[in-house]
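**Q** Chains as they are written, first to last, in my numbering: chain A, 1 to 348; chain B, 1 to 348; chain C, 1 to 348; chain D, 1 to 348.
The hints are simulated quantities; they were obtained by calculation from the structure and are not laboratory data.
These figures come from a predicted structure and were not determined experimentally.
Hints may be right or wrong, so weigh each one.
No copy is singled out in the list; a pair is fine if it fits within one copy or between any two copies.
[What the hints assert, rightly or not] List time: in silico PhoX-like cross-link candidates among lysine-lysine, alpha-carbon distance up to 25 Å:
| hint | residue 1 | residue 2 |
| --- | --- | --- |
| 1 | K288 | K31 |
| 2 | K288 | K202 |
| 3 | K197 | K288 |
| 4 | K288 | K273 |
| 5 | K312 | K202 |
| 6 | K348 | K273 |
| 7 | K348 | K288 |
| 8 | K29 | K197 |
The residues making up each chain are set out below.
Number of protein chains: 4
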Amino acid sequence: MPQSIQPAVVGATGYAGFELARLLFRHPKVKKPVLFTRDGEGGGPVRLDDIYPHISGNGASPLEPFRWEALRNKGVDVLFLATPHEVSREWVPEAIRQGVRVIDLSGAWRLITPAYREVYGFHDQDAAAADKLSARAVYGIPELHRTDLADAALVANAGCYATSIILALAPLVRAGLVDLAHGVICDSKSGVSGAGKQPTQKTHFVEVAENLSAYSLFSHRHTGEILEQLGLTPEQLIFTPHLLPIPRGILSTIYVRLNSAMQPVQIEDCLRKFYAGSPWVRIFDRGKLPQIQYSLHTNYCDIGFALAADGKRLVMVSCLDNLMKGAAGQAVQNMNLIFGWNEEEGLK
Amino acid sequence: MPQSIQPAVVGATGYAGFELARLLFRHPKVKKPVLFTRDGEGGGPVRLDDIYPHISGNGASPLEPFRWEALRNKGVDVLFLATPHEVSREWVPEAIRQGVRVIDLSGAWRLITPAYREVYGFHDQDAAAADKLSARAVYGIPELHRTDLADAALVANAGCYATSIILALAPLVRAGLVDLAHGVICDSKSGVSGAGKQPTQKTHFVEVAENLSAYSLFSHRHTGEILEQLGLTPEQLIFTPHLLPIPRGILSTIYVRLNSAMQPVQIEDCLRKFYAGSPWVRIFDRGKLPQIQYSLHTNYCDIGFALAADGKRLVMVSCLDNLMKGAAGQAVQNMNLIFGWNEEEGLK
Amino acid sequence: MPQSIQPAVVGATGYAGFELARLLFRHPKVKKPVLFTRDGEGGGPVRLDDIYPHISGNGASPLEPFRWEALRNKGVDVLFLATPHEVSREWVPEAIRQGVRVIDLSGAWRLITPAYREVYGFHDQDAAAADKLSARAVYGIPELHRTDLADAALVANAGCYATSIILALAPLVRAGLVDLAHGVICDSKSGVSGAGKQPTQKTHFVEVAENLSAYSLFSHRHTGEILEQLGLTPEQLIFTPHLLPIPRGILSTIYVRLNSAMQPVQIEDCLRKFYAGSPWVRIFDRGKLPQIQYSLHTNYCDIGFALAADGKRLVMVSCLDNLMKGAAGQAVQNMNLIFGWNEEEGLK
Amino acid sequence: MPQSIQPAVVGATGYAGFELARLLFRHPKVKKPVLFTRDGEGGGPVRLDDIYPHISGNGASPLEPFRWEALRNKGVDVLFLATPHEVSREWVPEAIRQGVRVIDLSGAWRLITPAYREVYGFHDQDAAAADKLSARAVYGIPELHRTDLADAALVANAGCYATSIILALAPLVRAGLVDLAHGVICDSKSGVSGAGKQPTQKTHFVEVAENLSAYSLFSHRHTGEILEQLGLTPEQLIFTPHLLPIPRGILSTIYVRLNSAMQPVQIEDCLRKFYAGSPWVRIFDRGKLPQIQYSLHTNYCDIGFALAADGKRLVMVSCLDNLMKGAAGQAVQNMNLIFGWNEEEGLK
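Put together the whole structure using the sequences plus the hints.
**A** This is the structure:
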């Protein structure tokens, strides 16, 4: 178990990258993170507190342009990429070659199935090598891949929507309780920070406030990772994201049919057993439901449910903070497991 | 066709009642409405602009305690009740006896099936008479009951959630296109004014802002009216309401399976044909979806959809303003039809 | 008095321009407006309902690129410019030459004093002519310039902040009641639509929600018009704008010292007398204060006040909807006066 | 320096009390807090996580009815009162008699001047004793009363608005730089949690969202503490609070005239020197202004300013989180100083 490792972050000026930098500054097992910017981000700020004045003290950290030499010179042990998908897709092979562990917050390395990956439109220079690396990447939901994460070279940090859905469904699906042929419906609602910091018409305050909209029906990029992690076929899942007029937080309402009639206590038991030993998933007592506000600014994924009188129609509600358990917090949790630390380290 | 009728409103100090009063003040075919308060509403305001300073001019209208004599003395032709369910349940029979038409915005008279009505816990003095009157009440969605509304004595104005769901589903269900046995899922999200003006912990700003919560799973009162109007059994429907951090607006995301594979153009045609001649339903071109902001402060119900590549899994999105098409606007639309006027009158 | 005039709008895709287009479509005295786009706005939409799906019916209006010939061919009588300042500065002289009346919603022609105009950084080709035209332009607050507006060739529609402040202060300042030497402080708060539709970091939902910020201290462009209209020197005014986490609405809190101790009733009288005959200013009874919500979606400017026990320290509160009385509504009110119509026409 | 002290909280179910309980649970120097409820709070919850499900683990703490015996039996060293003013006014003398230190978050003991205290309408049983105790209470802004706090028996935790204003003004006022005779204007804006958890019409989501309102002009209760702490007369201060549509955070915009013209660097120096050694006040570089979002969920008070070209008219902007530096965080900071600990303890 290393005494203290050196992390680096590319993209600390975005919402998830900034949250990550803040977590790393306070993490007791790691050195002060090196903060890189990408070329093309503009002349940009030279210090993190130029854009986030509230990160006083640590904010004085200079941001420096990313260079492979700098990575070596600083002795970086683990590189966090909070970068666009295509950047991560291009950079990760080189980082791995250089022996640096990577935790990638983009969608670049989450998918094994080439068809699902098509939605990202990657143009890999060496497609065979990229496929091979894709297969080696550990999908970064610690509750499902704890063992594989130990000493992993590349972690593909899970998508925010996908985390909320997969964590809710995995226990029941893996126990074979869900009638998959009947179809699974995931109606998800997310705060705006999930759409990134780049100003667009879609994220203009006036367009979002006092509004709710559904988007990317039958076509959202997170669909592939949900299918792969839960072992579903595309016909077995409908995933509908919505844009909420709040800065952060996700609530997914999930509808499944059970193979046979069950009691609420059985559902609750199944969930509790699955997540025994998982400090960052909270199962709500039957009859109580999570709300977005409960998990804000924490690394928890909160899961509750209601079962119809017939014992077969089940509605699950899953909440998390998209910048924490849905991005930066989960990235730190993944790092903790890579290095053999307690997975709560730096997240309390 | 009457030249000018005299409306009265009980409950004009609540959100829906106030919206209704505003519409009636501007309606070209009706006299200035009489505004009643109920005993027990407290000493309360004596003028509408004491609580809503922005309704200047008309706001000077005095509110007077409701009395049956006053109803007669003022020559009231149509009485709007924006009152609690139990009050409407008690008052309507007497109003009908007195020959006054009633448009009731509560849930008191919407349900024919006694079992569904149980959730309201009514204690009718003359249960048989109440059952009979329930059966006579016209369910107040004009697009479905236009003929019955002509000259109706009692209109049970539809629920806000129910309106958004029924209008989206009725065309396809009535055309026999929906696989009802597979089940219909309605995931609805509503602004806070739907919860009424009474301050409660649930509607406190701090509890709602930056939050989203699901509530009343498998138990919301609007379930019965959706079942009755669409001809579904309780096992065929899941309806999940959520509380949005916005003042007004509803978006329902509706999931159905079609009996056979269809093309998007066929779905669009079915919807457009059904609502030809219905000025207050807007069908969105396939590929476009309504958002809450589009229907705010209007009487429109906006309907769009997306169809999976298999042609069988259909997601519908339905939006309306819960105080307009979901309450006061629809009440005025119903009034227009009772009296044989154009159903857009007073609503443009 | 013309029977029906032909209006045109440049910039109907922005927030103020769209509000204006909606008002003109419903205005009983004008023909359907011609909607122009500027070159450089991008390929852009070809119909207004491509961006605002809720303007059904009228939204089908095609947007066409602005051309001087088109202006003539369509017989445009009055041209509304909802364009950037520099565009308005350049186009207005040509429009005036062509005999078309102009109502300019930008800041280009509001200021007579060249020094105040410097903050806009104009590069007039013919500076002398521009100065002369600046002097001819009527400042578009109808309550102060009603007479000059009759038959005006060029109206410089007032700024949103400026309108809320000038309307509150003008009665007392003109009556000589205010101790100007002591200084006037205007602490204003505005919703985000005032910052325009262009997406920027500053108007990103996540930056605005749950936040409040002051900006442009001692340097906001509206300062000049407030000084000129109230006859103040720069040393006599502090104006501090703040960005509110709401889509629309302005509240200005204004602090002045009176020359001699007064009674609240005297203040109220002064205000009421000044605005007798002004239908779009509402004076609140002493002891009551306007709130932003009261004037939203209306053309009212609401004014209230509180007076200290000493009778000399006065706090005024002024509210309006920045897209209505602060922009499009006031533009229509100005148009009504140009053509000799009732100033409420098309605004109720 | 005590090794570990036993705190207790009355009122942990309110917003400030809950924030306080959370801070105490994580504080390294104190034992797990005893949580009391008051009689009359209703049958109420028996565990904190019944109302705040997100305080998992610690939330399981039972709430017990307040009894003086319980205070003794549990060996409580310091009692935090997050209770209504009148309750604090009644209970504190008894707690002091019993030798328990008190940190009172209400306004009950903040004011020395009886006339200022009148706005609370207390009915002290022993008025003389109450006056004496009032005089002994230390006003709980640590940056101003650090020495007096050491070993204090009773701390009157400062008001949220008052803290934001006093911290901004104290350095300049104490240095004699401010022209007090000219008057000081404090235009403050606060999130809704400052109004407490009790549901009222004023805090209903629909009344607050999309709105801004000024209230309590010339009459807000915090006025007295501002006057006393800054040494002003009532005629020298105008304090206007406004209700913002956000859950938490305060921004105060403060207007003063300086006695003589100064340079920005001199203002900045004055502030920085005053707060050297004060870790919870951040002075912003001249030219930069704090925003509410920067201090949310922290114990910082952020202070910035802009100076007019004349060097005499100064606008200060002061921000804090009303539940942290404005209530619970400051209470913990006060506790740290009472017991001689580092004032950052438990607040990072």
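**Q** A separate judgement is required for each hint: does it hold in the structure or not?
**A** Here is how each hint holds up against the structure:
1. K288 with K31: This pair counts as neither: shortest intra-copy Cα distance 41 Å, inter-copy 30 Å.
2. K288 with K202: between (34 Å within a copy, 15 Å between copies)
3. K197 with K288: Between copies, since 21 Å is at most 25 Å while 34 Å is not.
4. K288 with K273: Result: close within a single copy only, 18 Å intra versus 43 Å inter.
5. K312 with K202: Close neither inside one copy (39 Å) nor across copies (30 Å); limit 25 Å.
6. K348 with K273: within (23 Å within a copy, 35 Å between copies)
7. K348 with K288: within (24 Å within a copy, 32 Å between copies)
8. K29 with K197: Cα proximity of K29 and K197: none, with 29 Å in one copy and 39 Å across.
Comparing the model with each earlier hint shows violations of hints 1, 5, 8; every other hint is respected.
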